[in-house]
Amino acid sequence: MPKYVIIGASAAGMAAVEAIREVDPIGTIATISEELCPQYSRPMISDFVSGKTTFPKMMCRGDDFWSKKNVQALTGRKATAINFAEKHISLDNGERVVYEKLLIATGGKPFVPKMEGADKDGVFTFTTFSDAKRLVKKLEKSKTIVVIGAGLIGVSVTEALVKRGLKVTLVELQNKILNLLLDNNGSDIIENVMRKAGVTIITGQSVQRIIGKPENDQAVGGVILTKGNQITCDAVIVAIGVVPRTELITGTELKLNRGIIVDNFMRTSVPDVYASGDVAETWDFTINQNRLLPLWPLAVSQGKVSGYNMAGKKTEYAGGTNMSSLKYFGIPVVSIGITNPKDATPFEILVKYGPEENLYKKIVLKDNIVVGIILVNDIERAGTLFHLMKNRVNVKKFKRELISEDFGLAVLPESMRRTMCLGCA
Amino acid sequence: MKRIIAKEEICMGCGLCEVYCTVQHSKSKDIIKAYNKETPKPISRVRLEVSKPISFAIQCRHCEDAPCVTACLSGAMTKDEDTGLIKHNKDKCIGCWTCIMTCPYGALKMDVFGKVVAKCDLCQELESPACVTNCPNRALTVKEVKP
Chain A
59 MPKYVIIGAS AAGMAAVEAI REVDPIGTIA TISEELCPQY SRPMISDFVS
109 GKTTFPKMMC RGDDFWSKKN VQALTGRKAT AINFAEKHIS LDNGERVVYE
159 KLLIATGGKP FVPKMEGADK DGVFTFTTFS DAKRLVKKLE KSKTIVVIGA
209 GLIGVSVTEA LVKRGLKVTL VELQNKILNL LLDNNGSDII ENVMRKAGVT
259 IITGQSVQRI IGKPENDQAV GGVILTKGNQ ITCDAVIVAI GVVPRTELIT
309 GTELKLNRGI IVDNFMRTSV PDVYASGDVA ETWDFTINQN RLLPLWPLAV
359 SQGKVSGYNM AGKKTEYAGG TNMSSLKYFG IPVVSIGITN PKDATPFEIL
409 VKYGPEENLY KKIVLKDNIV VGIILVNDIE RAGTLFHLMK NRVNVKKFKR
459 ELISEDFGLA VLPESMRRTM CLGCA
Chain B
438 MKRIIAKEEI CMGCGLCEVY CTVQHSKSKD IIKAYNKETP KPISRVRLEV
488 SKPISFAIQC RHCEDAPCVT ACLSGAMTKD EDTGLIKHNK DKCIGCWTCI
538 MTCPYGALKM DVFGKVVAKC DLCQELESPA CVTNCPNRAL TVKEVKP
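Protein chains in written order, with this note's numbering: chain A, 59 to 483; chain B, 438 to 584.
Incorrect hints may appear among the rest.
Calculated cross-link-like contacts (lysine to any residue; reagent style SDA-like; alpha-carbon spacing at most 20 angstroms) [said to hold, decoys possible]:
(1) B:K529 x A:R450
(2) A:K424 x A:R450
(3) B:K546 x B:L522
(4) B:K444 x B:K478
(5) B:K546 x A:D464
(6) B:K489 x A:E472
(7) B:K478 x B:S465
(8) A:K457 x B:I447
(9) B:K527 x A:M117
(10) B:K546 x A:D436
In case anyone wonders, no lab produced these hints; they're calculated from the structure.
Bound-form chain B, shown alone (with noise of 0.2 angstroms):
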């Protein structure tokens, strides 16, 4: 399995993870239209941590024992046995944030238009995920971690 890792030493805080991030999960793959015309808005999946002069990028870890998946409380959160992928299910997802409140990341996040979570998939359908293909300055960048 994929695991990103940001070094926050190289992070400039461009924010253009979670540009490419949200153009990725868009339902036009086109960042004005992502930005400009899409209902609902598309949210990113990684977050920007800044607390001048640090910044680095985080979304979720797919934790090996994934708290999450333990409190989530529809079963929407589930781990992929296969993958080790910690996947989440919209249409199951009812919005109670008890996710929310036991990841230490904060990487889970409020679509607040679909009233479900939002968070990061690894980018599946790429060869590697849009954060780090798009990061300028090579802070992100792709770990094979067993799953």
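Looking at chain A on its own, in the form it has when it is part of the complex (with noise of 0.2 angstroms):
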């Protein structure tokens, strides 16, 4: 009987196992996971599909992970039940495997919105490296994309298509794309180089319709969008977003939201079972509250966390926020926390905008508190202005230095500095 099982072995999952090993070198680990393939980076499907990366290098442990940690690794394998009461759980062949502490690291599926001829032969999602080689398949054959969806993975995406030469059309519902991440001034630097590319950028519509070829109604031949207007493509993909996979808790005792719902020892409502990753609600510190955030990185950290407590070691999660870096069309942008309230009232925003050079800086303070952060084409300080607004530094004193060039170490007050040059903070 498995000491620890994990069904999921993606982030979560993975970092899970080695926080187990850190403490429990003997305990047996067993992880269910859908995927054939033994491990990978799911933000590399876009480097795939665009042909810079293969798949040996897309794996993010070295290839004897899983029996270097000692797991016994279950591959396209599929959790089917759960029995909380009795601690097992049922899997689609039949077999049920026993546990004593759970993680579920399930992570999240593509949303697909009911849309008339989502069903026609050429529409994908993008999260898995299975979909990532059905789209190459299919791209071999294609001259044109729409892709729905311009947040993460539809821009990422996009990329890649534009790098493999076709041409793209990207629908965004809202008025810009990133919405989430960036804001208006941040956007635009990112729209024009896209467009420059050779993207076309539709904003403020949706696809209303997915129509086929004249030939085959079968086969995606373009989309209709809410205004009428209609594009020919040869495929397309929906990127709108992920929903966490709860179908295995719902009508379960276990509580749950959008999301599981966890504590920041990643404990779940029932004892002895743990959740971590995109299917789980975990803390954001920048709202002070549990919310969904659907984040490679995140995911390693809660996985980390659940790993710990499951054997023993009692820690506790430090909190996480809307991040993200990226690097589209070449142009390096870090979005951290709030960027872009609703209602600025309770806010100081700093701001330095170049746009002629891409260049953009965003801080945004509230009592002298940093909770949010754009930086577009100068990132290199990006972690210091994080540190600062983890660990609520008020930064009144040196304010308007934090979107200056010369923005670095030497301001910090001097305790700080003390720490951070005589060892680590």
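With the hints as a guide, bring both chains together as one complex.
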């Protein structure tokens, strides 16, 4: 009987394995994962589509990760039910796995809205390596693509398609691309570089219907937008976002909101059951509440916390926030926290804007505490700004320096400098 | 494991640490060639922090619980379990800069030529890191810490 069972073997699952092994070198671990490939970095599937990388390079841990960590990795297996009272999991092949400590790290699945024609041949989602492989196959025979959704995944796959020489139309329901990360100035810069690269961007509209090809109605031939205009294309990629994969939980005693509810030790409402990653609602320290934050680095942090706690090393999650570092079309962008508050009244906003050099910096302060950061094209100091934010450092005395090109450790208060220079905070 | 300690009260901000780091991480290891001839241009992994009259030099702290390792999307950034060193594998790096977003010290630099991150490796092949050896004021010293 495995002591530790982990459902889902991506970011959170792998991190949990590493953490468990730090504390408990011998307790048996089993992972259950639907995917056949051993392990890889999901954020890298765009690089796979663009041709920049190959699968071996996408493996974000060593080839022998599972065996080295002495894990019984069940790949290509699906958990179909969990019995929390008797502490066992049913698999799709009829087998049963018993656990002492369980981590649910089932992740998210792409959200596909109800759309006429969504069942046609040539409609893709984009989150897993299998999605990427299927897409690449299709692209070999395609010229024009419509991408629905201009968030992290949509913009990232658009760039990959452009690199392959395809003509892309990006359709976004909101008025700006990357609207969960950037404000108008920030989005404008990225929209401009994308247009220069040949991308058609349509905002404020969505796809109403996917239509077939004149010669074959079952194959994607185009889309009709909400305002009625038609775009011809060979494939449609739906990249609107991900929703938590909670189908194993629905109807059980485990408490669920949109995602699984956890505390800061990643414990769910059921004893000995933990959850992490895209399936869980976790602590956002900028808004002081739990929410869905489907981001790879946060899933790793949470998985690590779960692993430690499962193995008996009590560890508290420090929280995360909406934070991403991007490199779209050669422009580095960092976005962290509350970057575009609807009501700006309680905030103080510092801005430096140089659209001719694609430069933009915005710091959002509340009571002299950094709560939001946008950096475009000058990002090397992002981590120090994030450190100030995370540690709620009062920046009153040096706030004008925050957006200066000379901002660095030397402007920080003496006590902070001393800790930083002497060792490791 | 070694950790480099900066003393801001005796640093005079000359920037020789950056020069010697650049040379040490160049192909030629020759100051003239490194600065004038080499492409891609070698870059310093130590950064002189200045806000007059304060100055000091900072490089990767090789943190015990390193945020860059947790954040790395590709597995390029790892902690060596034996030495405690934070290692960066250039071939695995995809230049997503997620590590930069999480490093409190700003100690990770963008190698814009290689489109990957560049960081301090504590000059493994030398007895003492180049920045420490060549600091004329001994504002950089090496301390032995537990990995």
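- prompt: Taking only the CA atoms, is the gap from K424 (chain A) to R450 (chain A) under or equal to 20 angstroms?
  reply: 10 angstroms, holds
task: Would you check the hint for K546 (chain B) and D464 (chain A), treating anything up to 20 angstroms between C-alpha atoms as holding?
output: Roughly 15 angstroms between the alpha carbons, so the hint for K546 (chain B) and D464 (chain A) holds.
- request: With a cut-off of 20 angstroms on the C-alpha distance, tell me whether K457 (chain A) and I447 (chain B) pass.
  value: With a Cα-Cα distance of about 27 angstroms, the restraint between K457 (chain A) and I447 (chain B) is violated, given a limit of 20 angstroms.
query: Are the Cα positions of K529 (chain B) and R450 (chain A) separated by 20 angstroms at most?
result: Not satisfied, since the Cα-Cα distance of roughly 34 angstroms exceeds 20 angstroms.
- request: Take a quick look at whether K478 (chain B) and S465 (chain B) sit within 20 angstroms of each other, Cα to Cα.
  value: 11 angstroms, holds
field: Holds or violated: K444 (chain B) to K478 (chain B), with C-alpha atoms at most 20 angstroms apart
entry: Violated: K444 (chain B) and K478 (chain B) sit about 29 angstroms apart, past 20 angstroms.
message: Hint check: K546 (chain B) vs D436 (chain A), CA-CA at most 20 angstroms. Holds or violated?
response: 11 angstroms, holds
- prompt: Holds or violated: K546 (chain B) with L522 (chain B), Cα cutoff 20 angstroms?
  reply: 17 angstroms, holds
- prompt: CA of K527 (chain B) to CA of M117 (chain A), is that 20 angstroms or under?
  reply: 15 angstroms, holds
message: For K489 (chain B) and E472 (chain A), compute the direct alpha-carbon distance and say whether it is at most 20 angstroms.
response: Satisfied, since the Cα-Cα distance of roughly 13 angstroms is no more than 20 angstroms.
Hint compliance for this structure: hints 1, 4 and 8 are broken, all remaining hints hold.
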